[in-house]
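**Q** FYI, the numbering used here numbers position 188 of the sequence shown as 188, with every residue one higher than the one before it.
Some hints here could point you the wrong way.
Derived DMTMM-like pairs: lysine to aspartate or glutamate, alpha-carbon spacing no greater than 25 Å straight-line [unchecked claim]:
id, residue 1, residue 2
1, Lys422, Glu432
2, Lys350, Asp83
3, Lys436, Asp392
4, Lys103, Glu71
5, Lys487, Asp497
6, Lys103, Asp311
7, Lys431, Glu150
8, Lys103, Asp171
9, Lys103, Asp460
10, Lys309, Asp188
11, Lys357, Glu374
12, Lys207, Glu262
13, Lys350, Glu75
14, Lys431, Glu500
15, Lys386, Asp360
16, Lys422, Asp366
17, Lys431, Asp496
18, Lys309, Glu285
19, Lys207, Asp4
20, Lys357, Glu568
Label pairs and their computed distance ranges (CB to CB) [claimed, not checked]:
id, residue 1, residue 2, range
21, Gly456, Tyr81, 28 to 36 Å
22, Asp193, Asp253, 53 to 61 Å
23, Arg89, Gln63, 23 to 31 Å
24, Arg89, Glu424, 22 to 30 Å
25, Asp193, Glu14, 25 to 33 Å
26, Thr221, Asp345, 37 to 45 Å
27, Ser375, Arg89, 31 to 39 Å
28, Gly286, Arg24, 37 to 45 Å
29, Ser92, Ala314, 31 to 39 Å
30, Arg121, Thr221, 48 to 56 Å
31, Ala314, Glu22, 25 to 33 Å
Don't read these hints as lab results, they were simulated from the structure. All C-beta atoms in this analysis are idealised placements derived from N, C-alpha and C, irrespective of residue type, glycine included.
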Amino acid sequence: QVKDLGRAALANSEQRLRNEAEMRRLLGPHGEAVDRAARLAASLTFSLDELRYEYPSEVAEGQSAAARLRELAYEGLNERYPDDSAPGRVRSLLEHELALIAKLEYEPYFLTVYDVMGFARSQGIFCQGRGSAANSVVCYCLRITSVSPEIGSMVFERFVSEAREEAPDIDVDFEHERREEVIQHIYDRYGRDRAGLCATVVHYRGKRAIREVGRAMGLTTDAVSAISSQLWGFFDTSGMAEQRLREVGLDPDDRHLSQTLELVSQIQGFPRHLSQHVGGFVITEGRLDELVPIENATMEGRTVICWDKDDIDALGILKVDVLALGMLSCIRKAFDLLRLHHRIDHSLDKRPPNEPKVYDMLCKADSLGVFQVESRAQMSFLPRMKPRDFHDLVIQVAIIRPGPIQGDMVHPYLRRRNGEEKIEYPSGELKEILGKTNGVPLFQEQAMQIAITGAGFSPDEADRLRRSLATFKRHGNISDFRNRFLKGMRENGYEDDFAERCFSQLEGFASYGFPESHAASFAILVYISAWIKCFHPGIFACALLNSQPMGFYAPAQIIRDAREHGVEVRPLDINESAWNNIMQP
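Between the sequences and the hints, there should be enough to build the whole structure, so can you do that?
**A** In structure tokens form, the structure reads like this:
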């Protein structure tokens, strides 16, 4: 505690870097020491920009990474589109992406992700890429993602941009029960001297800050609990009125308490410690410790990098996100049971066909356990949305998010979908962009396309607009983009009122809006899980129970729902039961 520090306490708060004038005043007649320090500093030319990052080579001797990526991409194109059936648009997109990837020298990164996912599939581990990577035809051809160019808008600059000095980021979901096998494969293949997980900086927030400062300042446990009870989430203590403190039995005039609250307010947002990132791997050609600071992970034989993802991005270091998704475990187990009991063979690539009965089930909000649409908010929206095809599921996933809700897009979309409000487009160009969402922008790609088509932005400028909107609350200053956007819309013949409304909508959801590609990746799993539940409710419940913990609902609720669907759930039997839940005739 602070009161027990005694002479161990700092004498004052002067521990800081002083400027030249202060140092000369302190050193007095020894001012030449400042000059010598300046000359020494000038001779030290090292910059973090000099860190040369080399991605591991994934090609055979004598073959370039560019040639290998092109070879694999066209092999995948022929598999995705047999008998030379790939549309011209898809081929031109593929060539555009390969050229940009080659220019930025990102081929080894794509090859590494391809290798990691190839290992997972060789072990029967379900995996699927998502996020902005699903905007890429290259990723689709490499089977990194499952979103075809016919589904999404494919704004590649949302994923890789020449103007954005930031490496691409591919998020890959693996079965949550078997992700550890993939992580161990990465360490086995590259070694811990070449592979490590990024760190996450944990900051002082709300109740944690109160607990730790209160303990250090000697407050009683009851006093700390009383203060904590007045906070919601991560809100700080600055808004705690005197009346609220009195209500919980504390004296707001107490100097010790006031000092504690002031210190809590000051420490908010300050870094507390480093934690391990959920799955962000940095893999290098050379030694990792020659590039970044490292430390031992809690698990023996593993390494953690002492920088977080923002540091890694700033230095242009590529990372692979190896993430866990419980629904992939559930779907794999359900497919195994279908193969065992019904001789039906499905996979993520060989998906069940579209069935009206599946959409009928979803329209009734019968979605307990179904991926992404099992929350109360999603269940209440399903009967109003009435999804009838795959794209409706994409919208269903994307629309119940803070962004579209804050941007006031949910009700206008529903009114237009139900014929209660006329659908109007200010121009034919914007109709092409907003046609499939009834004139309401719901996806980040649409925001970028409005900026490109309506305001004359280049694809790279549109991506910078998206990023500036996403970081506005932290960094402020989007006036330049706003003026540029409004001016461009005006020059292209759009009314000021419409331009203002467009920008306000983009502002409303840019931070939390889903990329269409990401929503489409999730919608694939929505349909698969809904199909299993609709046609094989027993197998769905069995797989869901065997994949716990995951989802919103406890096992008792899953069992009750299965019984409501006509599934007989038998009790434990010492002669029949196995470790996992099983299906019986």
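**Q** Each hint needs a verdict: does it hold in this structure or not?
**A** A quick look at each hint next to the structure:
no. : hint                        : result
1   : Lys422 x Glu432             : 17 Å, holds
2   : Lys350 x Asp83              : 18 Å, holds
3   : Lys436 x Asp392             : 10 Å, holds
4   : Lys103 x Glu71              : 17 Å, holds
5   : Lys487 x Asp497             : 12 Å, holds
6   : Lys103 x Asp311             : 24 Å, holds
7   : Lys431 x Glu150             : 18 Å, holds
8   : Lys103 x Asp171             : 22 Å, holds
9   : Lys103 x Asp460             : 15 Å, holds
10  : Lys309 x Asp188             : 23 Å, holds
11  : Lys357 x Glu374             : 18 Å, holds
12  : Lys207 x Glu262             : 14 Å, holds
13  : Lys350 x Glu75              : 18 Å, holds
14  : Lys431 x Glu500             : 18 Å, holds
15  : Lys386 x Asp360             : 8 Å, holds
16  : Lys422 x Asp366             : 31 Å, violated
17  : Lys431 x Asp496             : 18 Å, holds
18  : Lys309 x Glu285             : 19 Å, holds
19  : Lys207 x Asp4               : 24 Å, holds
20  : Lys357 x Glu568             : 22 Å, holds
21  : Gly456 x Tyr81: 28 to 36 Å  : 34 Å, holds
22  : Asp193 x Asp253: 53 to 61 Å : 59 Å, holds
23  : Arg89 x Gln63: 23 to 31 Å   : 29 Å, holds
24  : Arg89 x Glu424: 22 to 30 Å  : 28 Å, holds
25  : Asp193 x Glu14: 25 to 33 Å  : 42 Å, violated
26  : Thr221 x Asp345: 37 to 45 Å : 60 Å, violated
27  : Ser375 x Arg89: 31 to 39 Å  : 36 Å, holds
28  : Gly286 x Arg24: 37 to 45 Å  : 43 Å, holds
29  : Ser92 x Ala314: 31 to 39 Å  : 33 Å, holds
30  : Arg121 x Thr221: 48 to 56 Å : 53 Å, holds
31  : Ala314 x Glu22: 25 to 33 Å  : 30 Å, holds
The structure shown violates the earlier hints numbered 16, 25, 26.
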